[in-house]
Amino acid sequence: MSAVQTVAAPRRPGAPSAAAAVRRRTLRPRTVIIAGLAWLLAAVFVLPYVEMVITSLRPADELRDATYLPRHFQWSNLIDVWRESNLGDNLRVTLLVAGGSTLLVLLVALPAAYYTARVRFRGRTLFLLLVLVTQMFQPTSLLVGLYREFYQFGMLNSVWTLILCNGAFNLAFAIWILTAYIGSIPVELEEAAMIDGLGRVGALVRVTLPLALPGVVTAVIFTFIAAWNEFVMGLTLSTVPQSQPLTVGINNFIGNYTVQWNYLFAGSVVAIVPVVILFAFIERHVVSGLTAGSVK
Amino acid sequence: MTHKSRSGLARLGPLPWIGPAVLLILVVVVWPVYEMVRTSFLKISTSGFVRGSAGTDKYQKLFDEPDFGHVLTWTVIWTLTVVGLTILISLGLAQLFNQQFPGRRVTRWALIAPWAASVLMTSIGFKWMLNQTAGVLNTAMTDLGLIDKPEDWLGDPSTAWPWMIFVAVFVSLPFTTYTLLAGLQTVPGEVYEAAKVDGTSTWQTYLRITLPLLRPALLVGVVINLINVFNSFPVIWGMTQGGPASDTATTTVFMYQLLNTDMGESAALSVVNFALVVVMVLFFLKVSRWNQEEGR
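First to last, the protein sequences are chains A and B.
Counting from 6, one number per residue, gives the positions in the first sequence under this note's numbering.
Counting from 417, one number per residue, gives the positions in the second sequence under this note's numbering.
These are calculated hints, taken from the structure and not from any lab test.
Beta carbons: idealized from backbone N, C-alpha and C, even for Gly.
Among the hints, erroneous ones may be present.
[Stated by the list, open to error] Over 12 angstroms on every C-beta distance to chain A, these chain B residues come out as not near it, computed from the model:
(1) E451
(2) Q476
(3) L504
(4) T575
(5) W577
(6) G615
(7) T616
(8) S617
(9) W619
[Claimed, not checked] Looking from chain A toward chain B, a few residues come up when the C-beta cut is under 10 angstroms (computed):
(10) Y54
(11) R69
(12) L151
(13) L169
(14) N234
(15) L269
(16) V280
For reference, chain A alone in the conformation it holds in the complex (with noise of 0.2 angstroms):
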């Protein structure tokens, strides 16, 4: 049996039963414990976070004081950081990086996994073990050959070999969840589509990917993600800091004496915070997407 028919259908974030849920609200000093250490740990993983921003906010002369927070919080190192650092370059590449590689992803994986998830054809069990296997290898542990590669090909410092790179090492994700979505939608809808004289593309477009939406989108979510926090790609592969992506180019704040840590962590903040809000909006689907995608 091949791997993907074992993948089941997404499942809905669902509550816990009504009848758990009464209980549960009768237990009052339980639920008083269980929140309070839900926030208490809330709190811990938010407070390194807070500190960056605390920090983006000191002014120069206050960055050796060890107090909790600075005597008054200078708001223009957020507008200043962009003179002092190629921050608008590093912030273009990593855009240009993001969004395109999660287009080639797209553009790429959703023929493979629909092809795969409708057709059982000679060497598809190969593909999708490469397609594991892919997953499995992360770039840290191919950096030497990805330099040498993209090196002789005189392609160092070039956004398209960041894109190719990005797309390639998030691809086997995004074929898996792909996958498994369209499996999990029954082919007699496209057939019906067809019947109606949608044509196979038509089907394809107006029916299947309408109801494989969530799945495209959790795929084009964490490729983004994926894509925009890379960081050993983008420092062995760009090393100009014009050309660099921005979790690299902050490093440039880091000096041989003295290290920019204001500027460094507003760089972060304009990094970070983007992405924190996207991730807020998929906090539903990460459980289900996680469920099709590889709980099985």
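Position chain B against the provided structure of chain A, taking the given hints into account.
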């Protein structure tokens, strides 16, 4: 109609559908493996010129490297400790965040922050919070009376290690917890009701029912974390760059340090690294098959 349309799609063959995906994987994932192996047998100047064959000299040089032994040892300790702690803590977190309590959505949202933010930036954030002069963790621990005076935690390997493990676990928890949460949702509520009727204690229910049903999710969590943590370059690079010298480097960080001095030797280490990953992947494939058979 059904039969005809299916053979119509099948007649095109799989190539137009899966071809682009295969091509992308071949160029960006498979080719670097070949390049890497080839480079490990070459003499290459630091500027990238090939100066002939090196035979197995680079491997010899690598194994003779005085740091090689402890880098390997530290990599094994690092991977096992971080993955072990991550899984144990995530099991608790998943159980906690699966309960109903006020603010569940907000706290789960907070839990996602380290996943959404770039690992490198989180690591640099911790490096800053551990700064000897002005780090907020130093300040807080001094104020709480945990330490007498601010310490240079990352300057000494014996104190840098625990902190790096802490940060690596911190950034691994969200994904793992969410995977386990996804697993928990596949456990039908009736199972618990039945156990309750039978009078089984909560702890017994967890050990005998929840944990076995969580096995697929646990397996995914363990494997993805093993690969991630083994390759986790940004945490170490962001906090100590593997230093002082190579005292806190894992194999991947050591590989990057060598990249600047001897590319051939770095490639040799990559090949060793790669072989270790292959072993892990084969292990996973074996275990997952075992998992499927057991699950039947």
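Results of checking the hints against the structure:
For E451(B), the non-interface assignment is contradicted: its Cβ lies about 4 angstroms from the closest Cβ of chain A, within the 12 angstroms cut-off. Every beta carbon of chain A lies more than 12 angstroms from that of Q476(B), the smallest distance being close to 18 angstroms; the non-interface claim holds. A cut-off of 12 angstroms between C-beta atoms confirms that L504(B) is not in contact with chain A; the least separation is 15 angstroms. Interface exclusion of T575(B) from chain A stands, the closest Cβ pair being 19 angstroms apart, more than 12 angstroms.
No Cβ of chain A comes within 12 angstroms of the Cβ of W577(B); the nearest lies about 19 angstroms off, and the non-interface call holds. Distance check on G615(B): its Cβ is at least 16 angstroms (rounded) from any Cβ of chain A, clearing the 12 angstroms threshold; non-interface status holds. Against chain A, the non-interface label of T616(B) holds: every CB pair exceeds 12 angstroms, the least being about 16 angstroms. In this structure S617(B) is separated from chain A by more than 12 angstroms, as the shortest Cβ-Cβ distance comes to about 15 angstroms.
Remark: the non-interface label on W619(B) is consistent with the geometry, its nearest Cβ contact in chain A lying 15 angstroms away (cut-off 12 angstroms). This hint holds: Y54(A) has a C-beta 6 angstroms from the nearest C-beta of chain B, less than the 10 angstroms allowed. This hint holds: R69(A) has a C-beta 5 angstroms from the nearest C-beta of chain B, less than the 10 angstroms allowed. Evaluation of the L151(A) hint against chain B yields a held restraint, the C-beta minimum of about 5 angstroms falling below 10 angstroms.
Contact between L169(A) and chain B, as hinted, is supported at the beta carbon level, the nearest pair being about 6 angstroms apart and thus within 10 angstroms. Among the interface hints, the one on N234(A) holds; its C-beta lies about 4 angstroms from the nearest C-beta in chain B, closer than the 10 angstroms criterion. Checking L269(A) against chain B by beta carbon gives a least distance of about 7 angstroms; that is within 10 angstroms, so the hint holds. Evaluation of the V280(A) hint against chain B yields a held restraint, the C-beta minimum of about 5 angstroms falling below 10 angstroms.
In terms of the numbered hints stated before, the structure departs from hint 1 and from no other.
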